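K.L.:
Sequence:
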Amino acid sequence: MPKSSSPATPPSRKRFVDSQVIERSWQRSQNYGLCQRDNLLFDAPVVASREQIAESNRLLLTCAAPEMEQLHAALSPKDWVLACLDLEGVVLSSLGRLSPDNRELNQVFRVGAQISEQNVGTTAPSCVLTERDSVFFVGEEHYLEEARQFSCLATPIFGLDGGIVGVLDASSKHGVPSVYTLDSLVFAARAIENRMFAQLGDVLLVHLHHRLDILGTPLEGLLAFDPAGKLRCANRIAAQLLTLGEIQTGLDFAELFDMPFVHATCYCRHDLSAPLRLRSHHRGELHACITLGPGQKPMRGQPPVLSRAKTAEPLPPPQAGPCLQDPTLQEALARARKAFARDIPVLINGETGTGKEVFARLLHEGSSRAGEAFIAINCSSIPASLIESELFGHAEGAFTGSRKGGASGKIEQAHKGTLFLDEIGDMPQELQGRLLRVLQERSLTRLGSSEVIKVDCALICATHRDLKQLSANHGFREDLYYRINGLRVVLPALRERHDLVELIQHLLCAENTAQQAPRLNKAALQALLAYRWPGNVRQLYQTLRLAAALAENEGEIGLQHLPDDVMEVGDTPASPAAGKPQSQPQPQAGDTLLASKQRAIKAAVEASGGNLSAAARSLGIGRATLYRKLKGMQED
Numbered sequence: 001m002p003k004s005s006s007p008a009t010p011p012s013r014k015r016f017v018d019s020q021v022i023e024r025s026w027q028r029s030q031n032y033g034l035c036q037r038d039n040l041l042f043d044a045p046v047v048a049s050r051e052q053i054a055e056s057n058r059l060l061l062t063c064a065a066p067e068m069e070q071l072h073a074a075l076s077p078k079d080w081v082l083a084c085l086d087l088e089g090v091v092l093s094s095l096g097r098l099s100p101d102n103r104e105l106n107q108v109f110r111v112g113a114q115i116s117e118q119n120v121g122t123t124a125p126s127c128v129l130t131e132r133d134s135v136f137f138v139g140e141e142h143y144l145e146e147a148r149q150f151s152c153l154a155t156p157i158f159g160l161d162g163g164i165v166g167v168l169d170a171s172s173k174h175g176v177p178s179v180y181t182l183d184s185l186v187f188a189a190r191a192i193e194n195r196m197f198a199q200l201g202d203v204l205l206v207h208l209h210h211r212l213d214i215l216g217t218p219l220e221g222l223l224a225f226d227p228a229g230k231l232r233c234a235n236r237i238a239a240q241l242l243t244l245g246e247i248q249t250g251l252d253f254a255e256l257f258d259m260p261f262v263h264a265t266c267y268c269r270h271d272l273s274a275p276l277r278l279r280s281h282h283r284g285e286l287h288a289c290i291t292l293g294p295g296q297k298p299m300r301g302q303p304p305v306l307s308r309a310k311t312a313e314p315l316p317p318p319q320a321g322p323c324l325q326d327p328t329l330q331e332a333l334a335r336a337r338k339a340f341a342r343d344i345p346v347l348i349n350g351e352t353g354t355g356k357e358v359f360a361r362l363l364h365e366g367s368s369r370a371g372e373a374f375i376a377i378n379c380s381s382i383p384a385s386l387i388e389s390e391l392f393g394h395a396e397g398a399f400t401g402s403r404k405g406g407a408s409g410k411i412e413q414a415h416k417g418t419l420f421l422d423e424i425g426d427m428p429q430e431l432q433g434r435l436l437r438v439l440q441e442r443s444l445t446r447l448g449s450s451e452v453i454k455v456d457c458a459l460i461c462a463t464h465r466d467l468k469q470l471s472a473n474h475g476f477r478e479d480l481y482y483r484i485n486g487l488r489v490v491l492p493a494l495r496e497r498h499d500l501v502e503l504i505q506h507l508l509c510a511e512n513t514a515q516q517a518p519r520l521n522k523a524a525l526q527a528l529l530a531y532r533w534p535g536n537v538r539q540l541y542q543t544l545r546l547a548a549a550l551a552e553n554e555g556e557i558g559l560q561h562l563p564d565d566v567m568e569v570g571d572t573p574a575s576p577a578a579g580k581p582q583s584q585p586q587p588q589a590g591d592t593l594l595a596s597k598q599r600a601i602k603a604a605v606e607a608s609g610g611n612l613s614a615a616a617r618s619l620g621i622g623r624a625t626l627y628r629k630l631k632g633m634q635e636d
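Just so you know, the sequence shown maps onto residues 1 to 636 in UniProt numbering.
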């Protein structure tokens, strides 16, 4: 075929694509040695079979098919042919009517044909692979003369790693291109990308955007975290919303958001029915929903409310959100929500580790302020010299090292939302009077400034200390105590809760979202139920994390996977459920760790009728190990 003897001049572009894009593509086409009069478009080389394409592009094809069908139906089906291409410009799939008008385009976009700039010059799909952005070519803007009877629009499809994985193209011989058509094409490409995230079965998905109505649409930001709370992937919109630049896999959840990962798992749903506000360390607050990947064990509704007695029956299926099956907790939450809805301050009392912040977040998320900020500050973890600036903010130059331009404090950041003051009993007394004035006047002044700033925030405080006794001993301002004590809620200690079995399963599932949680054998569960848990839910969670790690690949947690302090029995043993035969003995007060283990071994052997293999399985150990332990007990 003859080659062009003089440089070709592309037409000027006055519509949606910078003319430089066309110029660059035409120049590349010339550099490939193509002539405008060449007949190449309908004879592009077929470089792969359908079977090869299906095998190597399964994820992209699976996610693209439903979106292409929906888009094709929305356009004029008789006028447009849709195609999905890979990184090499190979057609993976196409969708078009088998009509005379579409015969030529169906030939161009036959599966396996390679539509690259090297082969067919300037076209929308071939140009996208180089420019990595949406393009829109009409008529004479195509390089080959035989292509100038068509209009084509194309947009890139980005994969889970942030790189381009394909192109979505819409081409027509008679259709009239418009901005709407291009926007619809881009929208479909984003939907394909989000479908790829939905295929990840071992992740926690965070859907986010600064607009609530965008959640659940292809324009939302998406991040996927593994069971350890590490970032696996994020779409380009999430990277832009969080100003991440290049997506950095391995980032910890807490590095991105002002919430521990274990708290985030409490808000997991299988749909987008419960939006919350996530405070980003990079971009302020965003609307968000947290869901589990489809490969997770499905939620099967709320587990039944068991009797108040602790029991070692098989664990029920997990529930969504925090585990609150205990009647005392349920009643406390119901009362607190009524008070909080009327802007009455709530004071949460409870031992350390009982879940005071989780309870506070539940109040916030169930209130009319749920769409606003939830600002938490631990009054005992901030040095006394910094807590004033942390709470009230500071003006520029207020102290050595103050931020240029000043900074807002936590109270100011909670405007229209909720302020949660944890361990308020440890707040320095010199600041208690100033906090009282802020709460009464609903205004504050930053440190080093005289400007009055109005604030409107709901207040939740928490402490493990007895503030009434503390104020009687002049360790806490009495007037502040009565100001924050609108409704006092006492969270039960873990040893007092009646939903311990459900809570154990809930925490195990939260720790093992990538796979089915390991089962607790009866002996291990009895040990957990008998322990008094001085560190409450926090200690239980760490214990289960350790046990799940030690029992990895074994499928069952046994006594050997529990820490020694849990095996030391508390003051009172767990009570058996009424009418339930107990195959495992109740631990005895004064038992040593060795005695507890020996009792569990004897009980397992008796329950199995002397079948050592069955007894070993119930204990989570090998038969040979059980034999050695029995032999050692006989020698003792």
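No lab work stands behind these hints, which were simulated from the structure alone.
All of these numbers come straight from a predicted model, not from anything done at the bench.
Don't take every hint at face value.
Said to hold, decoys possible - Taking lysine to aspartate or glutamate and the EDC-like style, the derived pairs with C-alpha atoms no more than 16 Å apart in a straight line are:
(1) Lys522 <-> Glu478
(2) Lys416 <-> Asp456
(3) Lys454 <-> Glu441
(4) Lys230 <-> Asp252
(5) Lys416 <-> Glu372
(6) Lys416 <-> Glu365
(7) Lys230 <-> Asp161
(8) Lys629 <-> Glu606
(9) Lys173 <-> Asp79
(10) Lys230 <-> Asp213
(11) Lys522 <-> Glu606
(12) Lys230 <-> Asp271
(13) Lys468 <-> Glu478
(14) Lys468 <-> Asp426
K.L.:
Are the hints correct? Go through all of them and say.
P.N.:
Hint-by-hint comparison with the structure:
1. Lys522 <-> Glu478: With a Cα-Cα distance of about 50 Å, the restraint between lysine 522 and glutamate 478 is violated, given a limit of 16 Å.
2. Lys416 <-> Asp456: The hint holds at about 5 Å.
3. Lys454 <-> Glu441: Holds: lysine 454 and glutamate 441 sit about 9 Å apart, inside 16 Å.
4. Lys230 <-> Asp252: holds (5 Å)
5. Lys416 <-> Glu372: With a Cα-Cα distance of about 6 Å, the restraint between lysine 416 and glutamate 372 holds, given a limit of 16 Å.
6. Lys416 <-> Glu365: Within the cut-off at roughly 13 Å; holds.
7. Lys230 <-> Asp161: Within the cut-off at roughly 14 Å; holds.
8. Lys629 <-> Glu606: holds (15 Å)
9. Lys173 <-> Asp79: holds (7 Å)
10. Lys230 <-> Asp213: violated (27 Å)
11. Lys522 <-> Glu606: OK: lysine 522 and glutamate 606 at ~14 Å, within 16 Å.
12. Lys230 <-> Asp271: Outside the cut-off at roughly 22 Å; violated.
13. Lys468 <-> Glu478: holds (8 Å)
14. Lys468 <-> Asp426: holds (14 Å)
In the structure shown, a violation is registered for the earlier hints numbered 1, 10, 12, in ascending order.
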